[in-house]
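Chemist: One letter stands for each residue in the lines below.
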Amino acid sequence: MNILDNYIKNKKNIFFSENIDIQNHREKLINIFENDSFDKKNNESLKNINLKNFIDFKYKYLIPEETSVINNNQENSYSIVSVNGQCSSFKDDKIEITKILDEDYNDFSKNDTIENIDHFVNLNSLFLNSGFKIVIKKNNHIKIKISNIITDDDLTIFQKNNYICEEGSSLNLIEEYENKNNSTSNILNVIKLEKNSQLNHFLIQDNSHNHNLIITSHSSCKKDSIYNQKVYNFSEGYVRNFHYSELIEANSEANLEGIFFLKDNNTSNNKTFIRHLAEDCKSNQVYKGILNDRSKATYFSNTHVDQVAQKTEGYQLSKGILLSDNASYFSKPELKIYADDVKCSHGSTIGPIDENAIFYLRSRGMSKIAATKILISSFINEELNSIDSEQMSELIQKKLVRYLSKVK
Amino acid sequence: MFLEIKDLSVKIENKNILDKLNLNIDKGEVHAIMGPNGCGKSTLANVLAGKEDYEILNGSINFKDNDLFDLNIEERAQEGMFLAFQYPVEIPGVNITPFLHSAINSKRKRMNEEEIDNLSFAKLLKSKASDLGINIDMLKRSVNTGFSGGEKKRYEILQMSILNPDLAILDETDSGLDIDALKIVTEGVNKLKTKDNSFLIITHYQKLLDYIKPDYVHVMVNGSIVRSGGSEIAAEIEKDGFQKFQQ
Ligand SMILES: Nc1ncnc2c1ncn2[C@@H]1O[C@H](COP(=O)(O)OP(=O)(O)OP(=O)(O)O)[C@@H](O)[C@H]1O
Ligand SMILES: [Mg+2]
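Heads up: the sequence lines are chains R and E, in that order.
Heads up: the first sequence at position 249 corresponds to 249 in this note's numbering, and the numbers run straight through without jumps.
This note's numbering runs 408 ahead of the 1-based position in the second sequence.
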């Protein structure tokens with residue numbers, strides 16, 4: 001079905017379709033798709049992907065019957081089950097959860113410059129049918145765990161969430177995506193860190209092979225704030241991780257890290273993009289991939305340093321292990337620097353597992369398979385050791401063991 | 409015969425390295441191989457350990473009544489072969505202690521022996537390390553990662569003394585060791601020596617052979633053994649070099 005028909009037919013359960021401004025914006029988006037005027041060669045959101053599959057889709061959304069559950073068992077600790085992208089409202093003196101409003105709509109779309117146009121974000125804007133907004137109030141220190149549940153097969157979830165960490169607050173956020181049904185989630189997280197706040201954001205992705213997950217985030221950091229994002233992709237289905245950060249005030253920091261574990265015919269597309277717009281800011285972009293069988297991955301990393309962003313430190317690293325001759329990993333780092341007093345670097349190493357190391361370990365009596373597994377684990381050792389929650393660490397270890405059990 | 413190498417010819421990337429090499433080592437014997445740079449000593453050591461990059465053109469190797477070529481790398485190790493590498497590789501992220509623990513247990517498993525538990529292994533490792541003057545802190549590190557040249561060699565010998573092999577091949581273990589370390593390491597080797605195990609020692613220097621007395625010294629030139637004898641050969645080489653063996 002074409003985009004326009006899809007939109008018109010389903011308008012009734014698409015958010016904000018009565019709002020004239022939003023309506024106008026959406027018409028423009030529809031035009032882009034209808035005119036097929038994409039720059040297929042240079043647009044990173046089109047690499048390694050058949051956009052047609054995502055445009056000619058069958059829209060289906062069900063408003064969840066069961067409302068989501070918000071638990072506040074321990075002090076400062078909340079667990080949320082979001083159903084079909086929705087979450088019920090909640091309020092206490094530390095946090096507030098509400099539906100997203102018309103005014104939240106433009107947050108990211110407006111930011112997106114034409115040359116970086118992201119077709120999946122546009123689809124998200126067009127078909128938006130779910131999402132919520134969470135505010136962490138001033139000076140509170142909170143833990144939230146969100147499990148994302150999808151109730152039915154063939155659902156297309158277009159979800160937009162806003163997170164706001166008010167001044168002096170901190171949030172430990174764990175998001176779990178473990179869907180087993182045949183559905184597609186297109187999620188956009190817009191994250192705002194006010195002065196002196198911190199967000200540690202973990203995304204655990206472990207969907208079955210028939211679930212597509214397209215997840216995009218846009219974070220912006222004000223003075224002295226820190227955004228840490230760690231993505232663990234164990235999914236057997238397609239996952240797109242595109243994450244943008246803007247350091248808009250001095251002395252702020254963004255770290256975008258990811259590890260993906262691919263096998264069979266699976267594909268994963270990844271992008272991180274950090275814009276330094278103020279001085280004395282730091283950023284890291286580190287993605288590591290392990291690819292088996294005929295799996296494929298892309299990773300684009302970008303650092304842009306504005307001319308006012310003196311004393312920037314920005315690092316990019318991309319590493320990959322190819323466990324099979326048929327696996328492929330395309331990595332492209334990009335660095336654009338318009339300030340003169342900066343420390344920036346990027347590196348990329350992708351290749352098969354180190355044969356000399358295998359020989360060494362085997363020569364001590366370790367089997368080939370055990371040696372291979374120990375080397376894969378060592379490849380991400382640093383990342384695993386840096387997880388400070390024991391519970392998280394155990395969870396990731398368990399998933400790693402499951403992945404390794406399929407390595408031959 | 410414990411180890412019997414017959415007419416072994418080996419090539420790598422279209423280059424013949426070993427050329428009809430013969431060598432017999434019996435239980436309880438210490439053999440030394442000396443030879444100029446590039447003559448094929450490490451190649452021989454690697455072929456014995458099972459490195460797969462080489463093409464075996466000719467010959468046979470028998471080890472403890474096995475056709476060595478029937479055993480893969482780990483099976484050879486589990487059967488009691490050990491190579492102390494000339495250039496041990498750094499393996500960041502692989503911790504020494506669990507790695508050695510799993511290595512010793514895979515050997516014990518093959519020998520139908522009971523596996524050694526965490527605690528006893530930690531004790532064993534500590535005591536062997538202190539014998540070799542290895543700092544306990546080093547055992548918390550990743551395999552060879554950031555080790556100095558001498559530390560790497562000591563660590564190879566630590567692994568050897570833990571795994572207690574039947575045939576230990578020491579490829580230039582002495583190079584990189586300071587004089588005190590050489591003493592400690594060779595003491596460690598001598599302590600391990602029994603009438604049932606054998607050593608093949610590759611070296612450029614007579615010095616090492618002052619500490620570990622070889623029963624036989626072989627001269628290797630262009631991929632074959634050109635002369636065999638006792639310790640006096642090492643003295644000859646020290647004095648005159650390899651020139652006269654090279655015709
Ligand atoms: N992968 C390879 N490709 C091509 N030539 C190789 C390869 N590996 C080894 N060689 C060559 O084989 C020859 C023998 O090397 P080897 O390392 O066995 O020498 P060696 O006797 O141990 O020397 P040294 O005393 O310097 O340690 C050398 O000429 C070396 O360049
Ligand atoms: Mg050598």
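Keep in mind that the hints were calculated from the coordinates and are not lab data.
Some hints here could point you the wrong way.
[Stated by the list, open to error] If you only want the chain E side, here are some residues facing chain R, beta carbon under 8 Å, derived: (1) P444; (2) E482; (3) A511.
Here the structure is a predicted model, which is why all the values come from computation and not from measurement.
Note that the Cβ used here is the ideal one computed from N, Cα and C, for glycine as well.
Chemist: All hints are to be evaluated individually against the structure, with a verdict given for each.
Modeler: Tested hints:
no. : hint : result
1   : P444 : violated, 25 Å
2   : E482 : holds, 5 Å
3   : A511 : holds, 4 Å
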